[in-house]
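**Student:** We have chain A; now place chain B onto it with these hints.
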Amino acid sequence: DVKVTQSSRYLVKRTGEKVFLECVQDMDHENMFWYRQDPGLGLRLIYFSYDVKMKEKGDIPEGYSVSREKKERFSLILESASTNQTSMYLCASSFPDRGRGQPQHFGDGTRLSIL
Amino acid sequence: GEDVEQSLFLSVREGDSSVINCTYTDSSSTYLYWYKQEPGAGLQLLTYIFSNMDMKQDQRLTVLLNKKDKHLSLRIADTQTGDSAIYFCAESGAYNTDKLIFGTGTRLQVFP
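Going down the list, the protein sequences come from chains A and B. Mind the numbering: the first sequence is residues 67 to 181 in this note's numbering, read in order. Mind the numbering: the second sequence is residues 2 to 113 in this note's numbering, read in order.
So that you can see chain A by itself, here it is in the shape it has in the complex (with noise of 0.2 Å):
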C-alpha cells in the first residue's frame, strides 16, 4: 500500500514565524503535491513537483514556498506565517499520467493554526 506521511497532525504557530510542513512518500513517485482545504472552497493546489528539484506554481501560491530535495520528500514552507493561513494542508503523491490515469495518494493532513 501507498504511504504518505506528514510529519505533524496538528501545528500551532504564532504570525511571522517561518512554518515547515513535511511530506514523505514511500512509492517511488515522481509527482507530489500540495493543497489546502478550507470549507466551503473544496481543495485548492499550492504547488506541485514533477521530479527532485522541479517545481510548479498551483493556483495560491503566495505566500509559500516548496522544497524537493529528494525523490521522496515534498517540503512546504511559510516563509511569515499569517493568521489567513490557518488551513488544514495536504499532501499527495503519484506516478506520471501519461494517459493511464494514476490517482494521487494522500496523507492524513496538518492542521495548521496560525495565532
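The hints are simulated quantities; they were obtained by calculation from the structure and are not laboratory data. Remember, it's a predicted structure, so these values are computed and weren't measured experimentally. A virtual CB, placed ideally from N, CA and C, is assigned to each residue, including glycine. Incorrect hints may appear among the rest.
Think about it this way: if two alpha-carbon atoms lie no more than 30 Å apart in a straight line, the pair counts; the simulated DSSO-like pairs of lysine-lysine are [said to hold, decoys possible]:
1) 136/A / 119/A
2) 37/B / 69/A
3) 121/A / 137/A
4) 71/B / 57/B
5) 137/A / 79/A
6) 37/B / 71/B
7) 79/A / 119/A
8) 71/B / 137/A
9) 57/B / 121/A
10) 69/B / 69/A
11) 37/B / 57/B
12) 71/B / 79/A
13) 84/A / 119/A
14) 69/A / 123/A
15) 136/A / 121/A
16) 123/A / 71/B
17) 123/A / 84/A
18) 57/B / 123/A
19) 123/A / 137/A
20) 69/A / 79/A
21) 84/A / 121/A
Here are the in silico distance ranges between beta carbons for each label pair [unchecked claim]:
22) 135/A / 112/B: 44 to 54 Å
23) 20/B / 105/A: 16 to 26 Å
24) 119/A / 67/B: 41 to 51 Å
25) 181/A / 51/B: 16 to 26 Å
**Tutor:** Chain B in isolation, oriented as in the chain A frame:
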C-alpha cells in the same frame, strides 16, 4: 477554465441508496475520480473511471458517467453510518493530466 461542481450536503437514511452528483466543464478530461474523506483524515481513493466508459461498478459503489452532459455520479447502495464522510469528485486537468481539479466536496450524513 476547468471547474468541478458538487452540491454541499446530502442526508440519507441508513439502508437507503445515496447518489452524489458532480458536473465538470472540461470535455477532454481522460479520467474522473471519486475520493472519500472521513473526519480529521486525508482523502482516500474510492474509484475512478476512464472517460470512454459509461459505468463502473465496485461492490456497493456504482459510478455513472454521462459525457454528453459532463455529469458524473456516485451511487452507494445500502448506505451505512460508516459511509458518513465528505465525497470529492475530481477530473484530470486538460493541460496537465498529472493535476487534478477537485470539486468542493459533498458531505454525506447517514442517519439511523
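**Student:** All hints are to be evaluated individually against the structure, with a verdict given for each.
**Tutor:** How the hints compare with the structure:
1. 136/A / 119/A: holds, 8 Å
2. 37/B / 69/A: holds, 17 Å
3. 121/A / 137/A: holds, 12 Å
4. 71/B / 57/B: Since the Cα atoms of residue 71/B and residue 57/B sit roughly 16 Å apart, the hinted pair holds (cutoff 30 Å).
5. 137/A / 79/A: holds, 28 Å
6. 37/B / 71/B: The hint holds at about 21 Å.
7. 79/A / 119/A: Holds. Residue 79/A to residue 119/A sits at ~27 Å (cutoff 30 Å).
8. 71/B / 137/A: It is violated: about 36 Å lies between the C-alpha atoms, which goes past 30 Å.
9. 57/B / 121/A: violated, 34 Å
10. 69/B / 69/A: Outside the cut-off at roughly 37 Å; violated.
11. 37/B / 57/B: holds, 17 Å
12. 71/B / 79/A: violated, 43 Å
13. 84/A / 119/A: holds, 21 Å
14. 69/A / 123/A: It holds: about 24 Å lies between the C-alpha atoms, which stays within 30 Å.
15. 136/A / 121/A: holds, 13 Å
16. 123/A / 71/B: Roughly 28 Å separates the two Cα atoms, so the pair holds.
17. 123/A / 84/A: Measuring from Cα to Cα gives roughly 20 Å; hence the hint holds.
18. 57/B / 123/A: violated, 34 Å
19. 123/A / 137/A: Holds, at about 18 Å.
20. 69/A / 79/A: Cα-Cα ~27 Å, so holds.
21. 84/A / 121/A: holds, 20 Å
22. 135/A / 112/B: 44 to 54 Å: At 49 Å between Cβs, range holds.
23. 20/B / 105/A: 16 to 26 Å: The hinted range 16 to 26 Å holds for residue 20/B and residue 105/A, with Cβ atoms some 23 Å apart.
24. 119/A / 67/B: 41 to 51 Å: holds, 42 Å
25. 181/A / 51/B: 16 to 26 Å: violated, 46 Å
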